[in-house]
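S.K.: Protein chains in written order, with our numbering: chain E, 1 to 627; chain L, 1 to 101.
Just so you know, these hints were derived from the structure itself, not from any lab.
Among the hints, erroneous ones may be present.
Here are a few chain E residues that face chain L, going by a calculated C-beta distance under 10 Å [to be verified]:
id, residue
1, 599
2, 601
3, 603
4, 604
5, 607
6, 611
7, 621
8, 622
9, 625
All residues carry an ideal CB built from backbone N, CA and C; glycine is no exception.
One letter stands for each residue in the lines below.
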Amino acid sequence: MPLLPLGGFAVNTLVGRRLARAAGWLATLLLAAAFAITVAALLELLGKDPDSRVAILRGYAWFVSGDLRVAFDLRVDPLSITLALVVTGVGSLIHLYSIGYMAADARRGTYFAWLNLFAAAMLILVLAQNFLVMFLGWEGVGLCSYLLIGFWFSRPEVPAAAKKAFIANRIGDVGFLIGMFLIFATFRSLDFDQVFGRAGSLAGGTATAIALLLFLACTGKSAQIPLYVWLPDAMAGPTPVSALIHAATMVTAGVFLVARTHVLFEASSAAGATVVMIGALTAMLGALIAIGQDDIKRILAYSTVSQLGYMFIAVGLGPIGYAAGIFHLATHALFKAQLFLGAGSVMHGNDDATDVKQFGGLRRLMPLTFVTTMAGWLAIIGFPFTSGFYSKDQILGAAFDHGGVGMAAWAIGVLTAGLTGFYMSRLVFLTFFGEPRWPEGRHPHESPPVMTVPLLVLGLLALIAGFTLSTFTGVGGRVQDFLQPVLGQAPEAATASLSAFWLSVIATGLALVGVGMAWYVYGSGRVYWLAPRARFAAGWRVLTGKFYVDELYELFTVRLGRALVGFLAGPVDVGVIDGAVNGLAGAVSSAAGRGRRLQTGLVRTYAVGVLGGAVLLLAFLVLRTSS
Amino acid sequence: MKVAPSWYLVLSALLFTIGVAGVLIRRNAIVVFMCVELMLNAVNLSFIAFSKLNGDLNGQVLSFFVMVVAAAEVVVGLGILVAIFRKRSSTSVDDVNLLKG
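Here chain L stands alone, though its shape is the one from the complex (with noise of 0.2 Å):
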């Protein structure tokens, strides 16, 4: 059976959504990252997938980008969740709600 191209767009669209699930619904700071982590693995993904469909390099380079971003993302992510669960202990991300009118 060949493996065509746009099963790996169905792939990508499918972790998208799966990560969106995931940053909506689970409470844990930590997990919530991972499913940001995973959204921008998908897009990575289909990124890869257009460029071998229309023969064009772009699409690999940019994915490098999306790779080194997502890097440092994480960097300053973790960094901030652990500034700010250092003072609470808790990684709810519910217990962020001092902005609440």
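Bound-form chain E, shown alone (with noise of 0.2 Å):
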């Protein structure tokens, strides 16, 4: 499954230039053809009986090492197909999306091998079976994603961008690689059904260490805290590829990680708890620094990390809520999808601008786009029967059931359900209604075909995945039931069904308001839109600057690295080193200075040498037979 897009990428990366159209058709083609061939393994895989979904390709042996045996071997089991599915639906519409987004880029052909590797890695990444071979399709996202980021190098804010992305990955990766090597010294392997099938006789400690390491790794990936910075300004890449890695896909492997190895999390109640606070903060850190923000595609950005916040709270949660953690992630690649390409069908009609304080009453000469972006918008505040609903409600309701720390998990996340209305509206009403406010000279219109028939179907399943998938409170949901034998069944909810009723009354009622407030300042008109900004200026300035996380972040590393750099590059380097290296040749150079004294030259200096010589010789002789 994973070779289609892998041979995609090789054909592209050969030839892309030459083929220019055809590049994009063929890429997309492909990752529709690993779709089919995804369905159809699941076609396969429900045929079965629902325990024992599992099939396990062992592939070439990679590597084989005293224990330690790494092959590539792949998984499919229901997990992995949901990722898989999500992966190549989403991914197949957003190719299709990117033909007409980049027709007039020259690079085209660069850029659909690129699109096509990054979704053989994610495929490789969910597919499989031990930590390396995952470690090498998390690997090959974080290259990738580098790669796409940077795509338009010639910007100046790009290079910068792509940078800070795979460095905050990288920060990630090292948690990721101790954390395998912890599990291989602790189980002596890394195949997953060996380790999770040992994992009952973890010692709490080692247990703890290996789940937070992993976590670190979800964070640098999936854009939690501490690590989420590089995720805005990742923005500074095609639309097509925020929408694909940023929202559906690449940032979503820390959430399947941490789902993939449950079994390790469930052994330490303190990285579980850690997860679920860790997830509760992030989503309300991004939701706070989205309400300031004025480009298009960091409200967005800021949306990702606040909604993939939720998923770890889901996931830290235990089983109760693993499945919905899963589940959120699927809707949440549809609406969040859809809210970008959205976002780059407005953009692509504006000249490329981005930001919202220039748009404007755009619903009636972006009609579709329109349209479709109110679907994803309904979606993500968890408007009722909406996908979003369902998920999220049922991430609000197992935090709740869990008590202790979820309870104050689910708090936070209430309050931000209110900010997601709340922003997203904002978002929504800014560009799509009230006043035109474009400057002279630009021409919105709507998109071609090419991108409006994703925007169509994600829209439509942003609408109905969560009504025809699962039900009000996750239990006895296909959805649910079809994780069930990988991710283990949630108990039963102490509370009844009726307080989910109210629980998800509480949420949509918040978020609700959050609408209902955003409409006051920016949607109807009573109010000049741009006076909170002045009246809370302060505060204000304290969101978009994105709470100056960036800022200490740069005073740790930026300045510390460079003090300590020029510190080891000035006395260290210079006085010790090269000190010690001309030392040593002085101090020859010195004594070869003196010896030489030795070489006088002088005919009568050598004989006095031979005759001391002699002497010495004799005396020798004289003393040794006389004793």
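Mind docking these for me? Both chains are given alone in their own frames, and the hints should help you get the complex.
M.R.: Laid out in structure tokens, this is it:
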């Protein structure tokens, strides 16, 4: 299954420049074919008995060293199939969209090659049967995100953004590597079945260490505190890239990792609580910062950070929340990709402008984009019966039922739902409603069908996916039942489903309050929409400045690093190391100078030497024979 | 007064010492050669004295050898000396210091 996009990458890299237009269609077709294969695998899996829905493909032995045998093993089970469906399905739509979006770019061939490589790497990640193959995919998607974010590398802010993404990812990858080492040291194997089968014997400390290290990797890849700072800057890349990588697939790799290794997280309650709290805090932080952003893509980026926080709350809670987290992963893929592609369509029609302050009243000029974006908007705020409604309320319900740290997460999550309503509505109202605000000479227009068709598909799915695939409380939903063999059954909630109803009322109510506030400020025209900026100027600046986290990081890493390097390059390198080498040379040289004076060149001196030597020899012989 | 053979040994040592002193002190190359000859002859004398003392003829035979070698050495040495001082027109051994480091 991963072989198809991998082949696409190879082809496009080699001949992409000549193919030009065809490159896009080739890439899309390959990924669509992969999607078809995935669906076929899904059907085959559904045909099996629920408890035996696992197919393991033992591949080529990568390396064998002592106890360690690592092969390219692939695993097809409900969890990986779900993710694979998301990757190939949403990915195909985004490929299709990219054909229109990148139609004017000369380096399209390279773009599609990397897009295919990215899909291949992500598929390797989700289909892996052991940690090392998963890490291969993990690194692969990190690499592709660097390549694709940095696609327009001639723009000034782009290379730095790409580097930032890769470095933040790398820091997380250190966690993954060390976690893998610990796993191998503890279990003598990296294969999932062997590790999870023996996880019961894990000591608490080791389990916490492993789980937290793996979670560090997740914070890097899935943009949680403290490593989320790369995601907003990554908006410098093409919008379909943002949609694919940052909404639907790569950032969700972290959630997938926690779900896949959930056995390890269950062995340590401290790790689970950490995941939940960081998820909750990130959700809140993302939403707060999103309020203060004017760039449409950045609002969506911080929204992604926030929604990922929700997912981590879910998977950190334990068996209650796994299915809900994965379900939210899938629904989020749908509506976030929809929103990003919609934003791309808006930008495409507005000469690639991204500043929300310059939009306004676009709903008449870009009807299809408007309708589909509204669908995505309804889903993300959790409007009743949309997919986002089901998944988000399941997460919040699971958090509430869990108690303890879950209650705190529930409270934060509900507040964040309100904030989500507010900032997303702000985005929608400022873009599509109100008076036109774009500068002279710009003619906003609707996008070509190759771009709007994916928008329609995603919008539709965003609305109906929840209704058709799951139930209100998550118990007995088709998604949950499907995932049960892998993720375990959620324990029966102590509270009856009536309580779940009231919980969802609270959450949805708060979201609608947020929408209402946004309407009052931005949509209704009753208040001058820039007024909050002036009235809460100091607070607004903090939000716009992203709580100055980036500056803080820069202080600790860049400045400190420069000082350290300066110190090492100066006194240490020049003084100590060069001093030692030069000093050694100097010592040898002075000793040699002193030794040189023996060479007088005078014959008589040498004669003295001969005489002296002869006397010594004679004395030695006399003394020896006399003793 | 009877001249005991041991006196010859003392004489030989004395001559040797004078030769050594001459080699070390004098600067004229020809004088250095003459001192070298002096040392060789001193050794010859001691050979003869020992031969007489021990009743062994080996010492006298060896002294013949020494005389032959001394002659050959003189030939070679004077040849080198002439070659060098043809170039330099100075007979001081101190002037041959090209190996000074």
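S.K.: If a hint holds in the structure, say so; if it doesn't, say that too.
M.R.: Hint-by-hint comparison with the structure:
Hint status for residue 599 of chain E relative to chain L: holds, with the closest Cβ pair at about 3 Å, below 10 Å. The criterion of a C-beta within 10 Å of any C-beta in chain L is met by residue 601 of chain E, whose closest approach is roughly 3 Å, and the hint holds. The restraint placing residue 603 of chain E at the interface with chain L holds, with a minimum CB-CB distance near 5 Å, inside the 10 Å limit. A cut of 10 Å between beta carbons decides the hint on residue 604 of chain E: the least distance to chain L is about 6 Å, and the hint holds.
A least Cβ separation of about 6 Å between residue 607 of chain E and chain L falls short of the 10 Å threshold, and the interface hint therefore holds. Hint on residue 611 of chain E holds. Least Cβ distance to chain L is approximately 6 Å, under the 10 Å limit. Using the Cβ-Cβ criterion of 10 Å, the hint placing residue 621 of chain E at the interface with chain L is not satisfied: the shortest such distance is roughly 16 Å. Residue-level restraint check for residue 622 of chain E is violated (minimum Cβ-Cβ distance to chain L is 14 Å; threshold 10 Å).
Interface hint at residue 625 of chain E: violated, since its Cβ lies 16 Å from the closest Cβ of chain L, which is beyond the 10 Å cut-off.
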